[in-house]
Amino acid sequence: MSDTELPIALRVEALESLLIEKGYVDPATLDKIIDTYENEVGPQLGAAVVAKAWVDPAYRARLLADATKAAAEVGAEGRQGEHLVAVEATADQHHMVVCTLCSCYPWTVLGLPPTWYKSPAYRAKAVRDPRGVLEDFGVSLPTTTSIRVWDSSAEIRYLVIPLRPEGTEGMSEAQLARLVTRDSMIGTGLALRP
Amino acid sequence: MSDTELPIALRVEALESLLIEKGYVDPATLDKIIDTYENEVGPQLGAAVVAKAWVDPAYRARLLADATKAAAEVGAEGRQGEHLVAVEATADQHHMVVCTLCSCYPWTVLGLPPTWYKSPAYRAKAVRDPRGVLEDFGVSLPTTTSIRVWDSSAEIRYLVIPLRPEGTEGMSEAQLARLVTRDSMIGTGLALRP
Amino acid sequence: MNGVHDMGGMHGFGTVQPETDEPIFHERWETRVLALNLAVGRIGGWNIDRSRHTRESLPPATYLASSYYEIWLRGLENLLVKHGLVGTDELAAGKMIHLPPPGKTAMTVDQMVEGLRKGGPCNREVHTPAMFEVGQMVRAKNINPSGHTRLPRYARGKIGEIELVHGGFVFPDTNADLEGEHPQWCYTVRFTGTELWGPDSDPTTSVSVDCFETYLEPVEY
Amino acid sequence: MNGVHDMGGMHGFGTVQPETDEPIFHERWETRVLALNLAVGRIGGWNIDRSRHTRESLPPATYLASSYYEIWLRGLENLLVKHGLVGTDELAAGKMIHLPPPGKTAMTVDQMVEGLRKGGPCNREVHTPAMFEVGQMVRAKNINPSGHTRLPRYARGKIGEIELVHGGFVFPDTNADLEGEHPQWCYTVRFTGTELWGPDSDPTTSVSVDCFETYLEPVEY
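Residue numbers (numbering that gives the first Met the number 0), protein chains in the order written: chain A, 0 to 193; chain B, 0 to 193; chain C, 0 to 220; chain D, 0 to 220.
Bear in mind the hints are in silico, worked out from the structure with no lab data behind them. A couple of the hints might just be wrong.
Over the 10 Å line for every Cβ pair with chain D, so calculated as not near, a few chain A residues [to be verified]:
hint : residue
1    : R10
2    : A64
3    : H82
BS3-like, lysine-lysine: derived pairs with alpha carbons at most 27 Å apart [to be verified]:
hint : chain 1 : residue 1 : chain 2 : residue 2
4    : B       : K117      : C       : K81
5    : B       : K117      : B       : K31
6    : B       : K117      : C       : K103
7    : D       : K117      : A       : K51
8    : C       : K157      : D       : K81
9    : A       : K117      : D       : K157
10   : C       : K140      : C       : K117
11   : C       : K157      : B       : K117
12   : B       : K31       : C       : K117
13   : B       : K68       : B       : K31
14   : D       : K157      : C       : K140
15   : D       : K117      : A       : K31
16   : D       : K81       : A       : K117
17   : A       : K31       : D       : K157
18   : C       : K140      : D       : K140
19   : C       : K94       : C       : K81
20   : B       : K31       : C       : K103
21   : C       : K94       : B       : K31
22   : A       : K68       : A       : K31
23   : A       : K117      : D       : K117
One side of the interface only, derived from the structure: several residues of chain D facing chain C at Cβ under 7 Å [unchecked claim]:
hint : residue
24   : N1
25   : G8
26   : M9
27   : H10
28   : L63
29   : G119
30   : N143
31   : G197
Where is the CB? At the ideal position from N, CA and C, for every residue including glycine.
Same shape as in the complex, but just chain A (with noise of 0.2 Å):
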């Protein structure tokens, strides 16, 4: 911020060579990390869970009922998961999911956040005007539809499963996974239409 700080790339490479020489950190350890996060852990798990609910009566019952252990049997836990909750859109009932005070997230099913998730304009927004929200996503809901925004104050993190589209009654998981969109699990959107 102020005008004699490095350029943040470099001040960054300044505190890890900093963090290695002091032996607090392992540069391999560092590496493992970001590759989980760029290759392994993401939204293709919430849609895999997602499309398994939609099919299975029995997996959607253990989901609503303990989304931490149904979302571990896809290989979907840990860290900022442990203690996962699904709420189900309906016909008439749409969620969004939302951390007003920093930017908490279910990144077990869903990875890493996309910028706008942890932005000041959708931290402040979608608490006050979720309606307003969706607009700025191009999606319009009816107004009989109600909108349950769900605010991430706690260790409790949300996931939401959006309403099975039309027209997919004979398609199987895999192929419904492709229509699981990340903001549909947000709530920001829905699912995509085959």
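Put chains B, C and D on the given structure of chain A with help from the hints.
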């Protein structure tokens, strides 16, 4: 703010010459405004009001009844003093004036506000922790003294009549006025002891 | 608007920093910003509420990073552009590119002296009786308008006592949008510190807030 | 603390800006900031609540002007200094000047993989019965602590309905100051939009906030 902006002094210079060129302002008028607030309108006017109220019970009564008119008697009138209210400190009641939403201030009796009055620190803290503000100014009041804060949220401007210090019984109005500091008329200080 | 300008009760800004023997201005450019605001304000076509609203509408990070006179400069630039007195191209060039609209003539020294001496009173006659009287308990409404308002967030939903009845005043919430003065009764409402900040706060303090009539509702006991 | 981080309900930040085909990271340095935070966090001697509190304690203008990973960088630097792992002289020099304290050994790849897979559960056994039950109406208290809290300002003083009872959880308000976990019952409380934002707001919305037991008080009807 952005890296492409001119240094602020140059930016102001450019704006001034543009507004002169467009015929919106006359440099002589600008100079007159500055001269007014650098050399004419200042806290010596408020101090005169307070000292007069200390020695003249009839003036004190007029000041408490209609401070706008009473201040005009000593020549303090006009912009940002159109609707003046005087609040009087007693042995067990202190007053402090703030404007949390911007920096409203009784210009006619105190001149332009000091930097700290306009600072986020003061605007944020005065309404929540006025006793802590007094500590920031090195002033400690007994807990038996209640503190009344006035947030200037409309067009009424507040002038504090501080407690007259002990040991000033024989002093003239002019001598007393020298004890009345600007801060004592905002309520972040007390009148000086002789 | 619930903006960062509405900072009553916030933490994180540190202690108040008084300055010994503070000069009236710290830099020459500050004098010019003050004077420009006062001189153009009279002919610009806006009003004090619109000026305030323009300043509080600066991007929040800019508002907090700017000094008072910086905020006044940015606000004035925005007002000049919005009201068609100056183009953004002119601001960038620092030179006149478009002819000024007719009737926007600089104030003379004498006009300004008279203007400062008279000020701009905001009291207005109101033809309805005051809804509240001194001593009455009222609740500040829970309003969250996106536009200008002078009801601070910390007072909303809180109960206080009518302490002063000031008469009719220009209503800033509409005046800021040039939607008319719509004068209303204006009151001072006194809230206890514990009502505002909870039972753990200093019980020997109170805060008085000047409130327009439509900010308030009666409380029955 | 009533900080600028507590932005639920604020105006002035503009519209939400989704980014088409957004990459997971926009710059390489962001990847390192994330990884450094996760790797050092395990050995630093702090906890997730302290990390959050350190970030929200940045100067307000800095917080608002910084991107998410910039905030994480600044927070990490401050934590390293506060906890004696790094000196400000070392930060400035980018080189080790003081020997590290004993026992602060870098996590291996395997330890980190296991750590990420297990996470850091915050549920704890609580030995008192829950004070509230599903369906009960409660009021979020009007608290304004200067330290860390997870009760957003917009919910304070408002009445809502207990919707979920989550069991015992680490209490962030004390944990952030390293004053102990003091676990409490944690609830989801659902507030109507009109309760939070007034009668003019959209009546078809509600906001559910996760609240610790001491944030709440019963409401009698």
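Evaluated hints:
Here R10(A) does not stay apart from chain D, with its beta-carbon only about 7 Å from theirs, under the 10 Å limit. Separation of A64(A) from chain D is adequate, the least Cβ-Cβ distance of about 12 Å exceeding the 10 Å criterion. Not every C-beta of chain D lies more than 10 Å from that of H82(A), the closest at about 6 Å, which undercuts listing it as non-interface. For a cut-off of 27 Å, the pair hint linking K117(B) to K81(C) stands: about 26 Å separates their Cα positions.
Among the hinted pairs, K117(B) with K31(B) is consistent with the structure: their alpha-carbon atoms are about 24 Å apart, no more than 27 Å. At roughly 31 Å between alpha-carbon atoms, K117(B) and K103(C) are farther apart than 27 Å, so this suggested pair is violated. As the CA atoms of K117(D) and K51(A) are separated by approximately 23 Å, the hinted pair is consistent with the 27 Å bound. A hinted pair counts as satisfied when its Cα atoms are at most 27 Å apart, and K157(C) with K81(D) does not qualify at roughly 39 Å.
A distance of roughly 26 Å separates the Cα atoms of K117(A) and K157(D); the hinted pair therefore holds under the 27 Å criterion. A hinted pair counts as satisfied when its Cα atoms are at most 27 Å apart, and K140(C) with K117(C) does not qualify at roughly 34 Å. At roughly 26 Å between alpha-carbon atoms, K157(C) and K117(B) fall within 27 Å of each other, so this suggested pair holds. About 16 Å separates the Cα atoms of K31(B) and K117(C), which keeps this hinted pair within 27 Å; it holds.
Distance hint between K68(B) and K31(B) is fulfilled; the C-alpha atoms sit about 25 Å from each other, no more than 27 Å. About 13 Å separates the Cα atoms of K157(D) and K140(C), which keeps this hinted pair within 27 Å; it holds. Taking the CA atoms of K117(D) and K31(A), the gap is about 16 Å. The hint holds against a cut of 27 Å. Proximity of K81(D) to K117(A) is assessed by CA-CA distance (about 26 Å); at most 27 Å being required, the pair is judged to hold.
For the hint linking K31(A) to K157(D), the alpha-carbon distance of about 45 Å lies beyond 27 Å, and the restraint is violated. Distance hint between K140(C) and K140(D) is fulfilled; the C-alpha atoms sit about 18 Å from each other, no more than 27 Å. A threshold of 27 Å between alpha carbons decides the hint, and for K94(C) with K81(C) the separation of about 18 Å falls inside it, so the pair holds. Restraint check for K31(B) and K103(C): the C-alpha separation of about 20 Å stays at or below 27 Å, so the hint holds.
Restraint check for K94(C) and K31(B): the C-alpha separation of about 24 Å stays at or below 27 Å, so the hint holds. A C-alpha spacing of about 25 Å is found between K68(A) and K31(A), which places the hinted pair at or below 27 Å, so the restraint holds. For the hint linking K117(A) to K117(D), the alpha-carbon distance of about 25 Å falls within 27 Å, and the restraint holds. Given the 7 Å rule on beta carbons, the hint for N1(D) holds: about 5 Å separates it from the nearest Cβ of chain C.
This hint holds: G8(D) has a C-beta 6 Å from the nearest C-beta of chain C, less than the 7 Å allowed. Because the closest C-beta pair between M9(D) and chain C is about 5 Å apart, less than 7 Å, the hint holds. This hint holds: H10(D) has a C-beta 4 Å from the nearest C-beta of chain C, less than the 7 Å allowed. Because the smallest distance between the Cβ of L63(D) and any Cβ of chain C comes to about 4 Å, under 7 Å, the interface hint for this residue holds.
Contact between G119(D) and chain C, as hinted, is not supported at the beta carbon level, the nearest pair being about 27 Å apart and thus beyond 7 Å. Interface restraint check for N143(D): the shortest CB-CB distance to chain C comes to about 5 Å, inside 7 Å, so the restraint holds. About 4 Å separates the beta-carbon of G197(D) from the nearest beta-carbon of chain C, less than 7 Å, and the hint is met.
Hint violations for this structure: numbers 1, 3, 6, 8, 10, 17 and 29, all remaining hints satisfied.
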